[in-house]
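Model the full structure from these sequences, guided by the hints.
For the protein sequence lines, the chains are A and B, in the order given. Position 313, counted from 1, in the first sequence is what our numbering calls 313; the numbers after and before it change by one each time, with no gaps. For our numbering, add 378 to where a residue sits in the second sequence, where the first one is 1.
Hints were generated in silico from the structure; no laboratory data involved. Among the hints, erroneous ones may be present.
Under the rule of at most 25 Å between Cα atoms (straight-line distance), these lysine to aspartate or glutamate pairs were calculated in the DMTMM-like manner [said to hold, decoys possible]:
| # | chain 1 | residue 1 | chain 2 | residue 2 |
| --- | --- | --- | --- | --- |
| 1 | B | K763 | A | E332 |
| 2 | B | K575 | B | E504 |
| 3 | A | K264 | B | D550 |
| 4 | A | K108 | A | D307 |
| 5 | B | K745 | B | D415 |
| 6 | B | K526 | B | E462 |
| 7 | B | K646 | B | E716 |
| 8 | B | K745 | B | E755 |
| 9 | B | K687 | A | D305 |
| 10 | B | K687 | A | D227 |
| 11 | B | K575 | B | D550 |
| 12 | B | K526 | B | D600 |
| 13 | A | K149 | A | D178 |
| 14 | B | K575 | B | E716 |
| 15 | B | K745 | B | E734 |
| 16 | A | K30 | A | E119 |
| 17 | A | K108 | A | D13 |
| 18 | B | K687 | A | E6 |
| 19 | B | K687 | A | E138 |
| 20 | A | K108 | A | E220 |
| 21 | A | K149 | A | D190 |
| 22 | A | K100 | A | E175 |
| 23 | A | K100 | A | E61 |
| 24 | A | K267 | A | E332 |
| 25 | A | K149 | A | D227 |
| 26 | A | K267 | B | E755 |
| 27 | B | K687 | A | E7 |
| 28 | B | K646 | A | E370 |
| 29 | B | K763 | A | E257 |
None of these values were measured; they are calculated from a predicted model.
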Amino acid sequence: MAVLTEEQNLLRDAAEAWAQERSPLGALRKIRANGDGLGFDAQAFAEMAEMGWAGIVVPEEFGGADFGFHSMGVVLEQLGRTLTASPLIVSSLAAATGLKRAGSAALKQAWLPKIAAGEAIVTLAIDEGVRHNPAATELRAKKSGAGFKLSGVKRPVLFGMAAHAAIIAARTSGEPGDEAGITLFLAPTDAAKLSRAPLIEIEARGAAAYDFGGVTLGPEAVLGAVDEGGPLLERMLDCACAGLAAQMLGSASAAFEITLAYLKTRKQFGQLIGAFQALQHRASVLLGELELTRSAVESALDALDADAPETHELASLAKALAGDTFRRVAGEMIQMHGGIGMTDEHDAGLFLKRARIDDMSFGGAGYHRERYGRLAGY
Amino acid sequence: MTWRIPANRHGEPRWAHGSAPISPELAGKNPYRYTSDGAYADADPDFQLWLRRVVDHGWGAPSWPVEYGGGGLSARQGAIINEEMINAGAFHPNRTYGEMMLGPTLLEFADEVQKRRFIPPIARGEVRWCQGFSEPGAGSDLASLQTKCIDDGDHWIVNGQKIWTSGANHADWCFCLVRTDTTRKQGGISFLLIDMKSAGVEARPITLISGTTHFCEVFFSDVRVPKENMIGGVNQGWSVAKRLLQFERGSLASGRAEEAPLGPIARKHVGVDSQGRIADADLRMRVIQNDMRLRAYEQSLRRTRAEVKAGTGPGVPVSALKNLGAGLSQERAELMIEILGQRGLGWEGDAFTPEELEATRNWLHSKAYSIYGGSYEVQNNITAKRVLGLPSA
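As structure tokens, this is what we get:
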């Protein structure tokens, strides 16, 4: 556990208590049963916003707390422990950071206070192909009068059915594969000619497909500068990766603790299965992986707060380790529980599905190893 | 001497990176080579000067009590001194077996006379200690040790054999586990300090697969040891040893020098593709993976130091850190040999560069990392039982 400030300790305790009481693992089952495609509990999200968590990285002048990325990570880790589904990472962390850094005065005023209050969800519409790769963006935004005309498909857009607006990565010049030539737009999701369809996935993340069949946007919708959205997008994705890695760390830690408790209660061959050395050693190895992951997550959050030059590397390090560790712990959770872990009634499956969903979001472990390697000169 | 270490008003050192008052020849070097090999340290005047400077400042053992030659600082301040030295590209020159393991143990278990006799020379870095624990028949199962210790009035008479005793051929003294009662396992062990110059002590270096002779066998033949050299009382040695092993694990897991990146050497030896990447795609990903995990390991060391310093927690359990660090270093040594290809197979001679030869020896030596100081398996047992609270069979 990092050395936290007194305020961060209070924040962590509040998030832990709230998640255990108001958003336990069972809450996720209800969201799944809802079938509304939102992927989260609106009432629960309203409570999170009341606690101030939707405005943690939003500047005070726009109704936020300006409390930093590490503080956001502290909350996300606790929410991850109960697999709480919420648009905090896309909206209150990544989109809010994009607006804060590059939004016009009008865009900031229009969206930041609502994000901080939990009244609006602004999502990210980045991915198109089968895997995360922003440079491969194909969706075109063609000059049309003073504005732009967008055509193409984005999927998956996280919490896309509930979102009130989306930050869209569109190609305004160059070819798919070019890092340059991408422009970011902020568009309300009720824009004419935008059609949205829910994606029914293995686990709740409110995913949707957005079809931009000739959506027209004015120049005021541009976030930052035309053709130069790449660095801003990278910053937003670093935020999303570090925040999601913190949440994954919480999820993996909880999966590990549940499994450990089972090893101490389940008996076979006349003894507790936790007394078997084969299982003890696997559990010990998992602890080491969780500790490495915690160090990487906390370092990435600190780098974001300091706006350090190595932020890109450290965000990828955190996301890659969190992906590897969470998937490994979730797999061991099922194996060590045996048959009961395979049942829908048991929570192990929730962790396994979430681990795969989280790993795929904003780039899997393989993507981030490659990105880290490129940044480090390999 | 006009030289002094800059400190803030709390007596804590403050150096900018690279500005520690250490000789440039020493900066970035592996402190392990000096502190574990008496002959190596004696031969290097730069090291001797750095040791004297730190000891004269009272920081040979910064957080031990002043009456036993320590610096009288808090554990937190001691941690800061270590951290600042590492941050500044230096290292603490007195991180020896005596300072890391025996000294803290004596502070807890020795009587007043023993403390005043044995601890100050350790704080001054004057005595080289070796650790006589393992025996041919007692490795991971240490408590099955058999070295005999018989009461002979005002002396003990010791007979037996120790093995894997690091630096015994250069050591002045040995802290040793001996059997004073053959009817009980742990309850028949005593902790004894033996002068290596005593009649009947013989240390023989063991040549390892790497060609090095760091480890020794030590033979005790009717060695007479004064009664007052026993620590913690007769048959009380196992408690003393367990505490000392905790200090050992802590030292193995802390303060490691950062390793140079493998990228440049891989590009040079393996070549690059049209995009400037290491040409062997499979090797490239394994190098990247090791680099990333090593970075997270270094972050873990920093986090552990920060948490201990702030008193907010114990940091990463040392039994887990030891296995992670050993595994990553071993993997790195393997990768280095793979990168060097045919040039990583040399043993000696001018046909290979000194760096290539060192990489080969380092690879072979690295196999010891997961054996010494409690094997990989023993560390996992410790994590399972003491950290995770899993039951015993």
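Verification of the supplied hints:
no. : hint              : result
1   : K763(B) / E332(A) : 19 Å, holds
2   : K575(B) / E504(B) : 16 Å, holds
3   : K264(A) / D550(B) : 48 Å, violated
4   : K108(A) / D307(A) : 21 Å, holds
5   : K745(B) / D415(B) : 19 Å, holds
6   : K526(B) / E462(B) : 45 Å, violated
7   : K646(B) / E716(B) : 13 Å, holds
8   : K745(B) / E755(B) : 14 Å, holds
9   : K687(B) / D305(A) : 22 Å, holds
10  : K687(B) / D227(A) : 47 Å, violated
11  : K575(B) / D550(B) : 7 Å, holds
12  : K526(B) / D600(B) : 10 Å, holds
13  : K149(A) / D178(A) : 20 Å, holds
14  : K575(B) / E716(B) : 45 Å, violated
15  : K745(B) / E734(B) : 18 Å, holds
16  : K30(A) / E119(A)  : 22 Å, holds
17  : K108(A) / D13(A)  : 31 Å, violated
18  : K687(B) / E6(A)   : 16 Å, holds
19  : K687(B) / E138(A) : 51 Å, violated
20  : K108(A) / E220(A) : 12 Å, holds
21  : K149(A) / D190(A) : 15 Å, holds
22  : K100(A) / E175(A) : 29 Å, violated
23  : K100(A) / E61(A)  : 11 Å, holds
24  : K267(A) / E332(A) : 18 Å, holds
25  : K149(A) / D227(A) : 15 Å, holds
26  : K267(A) / E755(B) : 24 Å, holds
27  : K687(B) / E7(A)   : 20 Å, holds
28  : K646(B) / E370(A) : 20 Å, holds
29  : K763(B) / E257(A) : 15 Å, holds
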